[in-house]
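Each chain, letter by letter, is given below.
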Amino acid sequence: MNRRELLTMLGAAAVSGAPRWLLAQTPQPPAFDALAARDPWLTGWKTFGRESVGPTAATMQGRWPGSLSGALYRNGPAWFDRAGVRYQHWFDGDGLMQAWRIGGGRVTHGARMIGTYKFQQEERSGKFELPAAGTLIENPRSIRNNDDVNTANTAVVRLGKRVFALWEGGSAIEIDPESLQARGPVTWRDDLVAAPFSAHPLLERDGSAWNFGSLAFFRGSGLVIWRIGADGKLGQFQVLDTPEPGYMHAFAMTERHLVFMLMPFSMISVDGAFFERMKFQPQKPCRVALVPKDALDSPRWFECEFAAAYHFGDAFERGDDGVMRVVRHRDAEEARSPMASAMRGERGSNTLGTDLASLHLNLKTGAANWQAHGISGVEFPVFDARSKGPARIFAPCSVGQADAPYFNGVASIDAERGRTKQWRYGARILVEEHRFVARPGSTRPGDGWLLGTLLDYEHGRSGVALLDAEHVDDGPIAMAWVPYTTPLGFHGWFAAA
Amino acid sequence: MKNYLVFPAFMALGFASFAPLAQAGELTVSITNIRTDKGTLLVSVTNTEAGWNNQEKPVAATKVAATGKDSVLHFTLPAGSYAVQVMHDENDNGKLDANFMGIPTEGYGFSNNPQVMRRAHFSEAKFEVADGASSIVINLR
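Protein chains in written order, with this note's numbering: chain A, 1 to 497; chain B, 1 to 141.
Source of the hints: derived by calculation from the structure; they are not laboratory data.
Predicted, not measured: the structure shown is a model, and the values here were computed from it.
One thing to keep in mind: the hints can contain errors.
[As the list claims (entries may be wrong)] Covered by chain A, per the in silico footprint, the following chain B stretches (three or more residues, Cβ under 8 angstroms): (1) 93-101; (2) 112-126.
[Stated by the list, open to error] For each label pair, taking beta carbons as the anchor points, the in silico distance ranges come out as: (3) A:Arg-124 - B:Thr-40: 23 to 33 angstroms; (4) B:Ser-135 - A:Gly-207: 48 to 58 angstroms; (5) B:Ser-135 - A:Gly-272: 54 to 64 angstroms; (6) B:Asp-92 - A:Asn-362: 52 to 62 angstroms; (7) A:Ala-83 - B:Asp-97: 46 to 56 angstroms.
[Unchecked claim] Interface residues of chain B toward chain A, partial, derived using beta-carbon atoms under 7 angstroms: (8) Pro-104; (9) Thr-105; (10) Arg-141.
Virtual Cβ for every residue (Gly too), placed ideally from N, Cα, C.
Required output: the full structure, derived from the provided sequences and hints.
Below is the structure:
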């Protein structure tokens, strides 16, 4: 036996002896990576490509306040390519849970792919084999229920001491707060296995949370309303029939009411992935349910001119006027597949075409009317939930020149007065959601920080920035960077230590 | 409230007896993707629409403990058209558990592995058994 034969045999033995999941770890780099090498801003949509990273000590800049201590969890789609197939829809990527841990004079970063059933199965096989929300998968495996395709890729929340990765068509996936390992789908009650638990729970002051799930994903209509106690256990569950199917990603609430805005849609074909088949119907009105928190089965319905919206800001009631802040997408077709060009590795025509508006519900007459605020190019709104009236909206935005068709700044918006403060991070920095963090010990609404994440594609690094929420235009007080990038995510949650 | 995904319970399988058959061929049923080694696999073979729809007893049925990721069963059947359904009764309560929407929360599968998010129709699960040996694979979902 010569040396070549020996090496060949050893190589074959090594390969045949390797577990399948390990073989699946070493595919050819996705073709998209070459596009991202040519246009580095596409880094935000590259496949993460490994199971985990970190914890990594971040390089600190500025002065991190000693009173800020906790973890900024972030979630978002991060795995888009397998075996030469690339997802076409941003929402399809498997979820990546990240944690920026702040305190004790240091910042660390760690990230781990969320071990959903889908991710585990496809890691083993090395290919996409389960249906996706926005991309048709050839010859997919049959699924038992919606949790088989749950990517847990949209948001993260801490309820009580429990941390959950959230999607919108299935169960919350509990996450170990330290290791970021997935503990599995949450069953709040035996008959509620796999019931949809959406990505944007809203907290009451007592620490309990409201949430909903849309039954429109299951060829029906209606909503489920969840109330999870401050102890992380199910408090209330209510099914709410709706006049017709409507798409809804998030909701808003006032002191007394939950507000659900359903966007009419129809399925334009029998075959295909959900977001390929669905088409918004802008010619029809949106239905808006105002649901008393103390009478979940007694909604009051309104109709308003159509708007495509994923995210809502604050909501409040002032006399007979119920007001809800909404980020509207101007192009309903674009809203069906945001940043589709970037997913293809193309620049596309523009950034997300949005504006901030208020929906006014006249509690006396039952009329519903839009008020535009003339503020465009924003998304992922947050606010200080301590506000009892109109709150400032904080949102990533486009400021000045940017080399990428994505947000490069953050805005603090006083929609009542039409005043906006902005900070521009730069031409080559992609800006993600900024969470509002109340200053420890403060009670005054608005007193706190914004904690937001960044992708600096020019320098190949991801980071976190801290700004004074009342002086956003002064720019970051402090920043921290790690020497690698993670894909752009959607939503985060700050869990104070 | 409505069932948003209608998924009737599997038939009460007639394990004690079923119609005697002239022996002709052996059908091997390989069941794959068994997710847990808890509970019991209930397997029913029918050859008519009525049997599939729980209006007649199956021509063959068996139950076996779920002990691994795969299970192989053998049935002796005359040549003809058949359909097989499998239910993984993970908690041994005698039924396919479902959530409040009627969506199954335990494993199940059908011959031909039709890509449907509901209980398959007989026509979708139907296959032919010839004289001699034949085999099918049912991937549990």
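Comparing the hints with the structure gives:
1. 93-101: Holds, because 4 residues of the region 93-101 of chain B bring their Cβ atoms closer than 8 angstroms to Cβ atoms of chain A.
2. 112-126: holds (count 5)
3. A:Arg-124 - B:Thr-40: 23 to 33 angstroms: holds, 26 angstroms
4. B:Ser-135 - A:Gly-207: 48 to 58 angstroms: holds, 57 angstroms
5. B:Ser-135 - A:Gly-272: 54 to 64 angstroms: 33 angstroms Cβ-Cβ, so the 54 to 64 angstroms window is violated.
6. B:Asp-92 - A:Asn-362: 52 to 62 angstroms: holds, 57 angstroms
7. A:Ala-83 - B:Asp-97: 46 to 56 angstroms: violated, 34 angstroms
8. Pro-104: holds, 6 angstroms
9. Thr-105: holds, 4 angstroms
10. Arg-141: Hint on Arg-141 (chain B): holds, closest Cβ of chain A at ~4 angstroms, below 7 angstroms.
Going through the hint list in order, the structure does not satisfy hints 5, 7.
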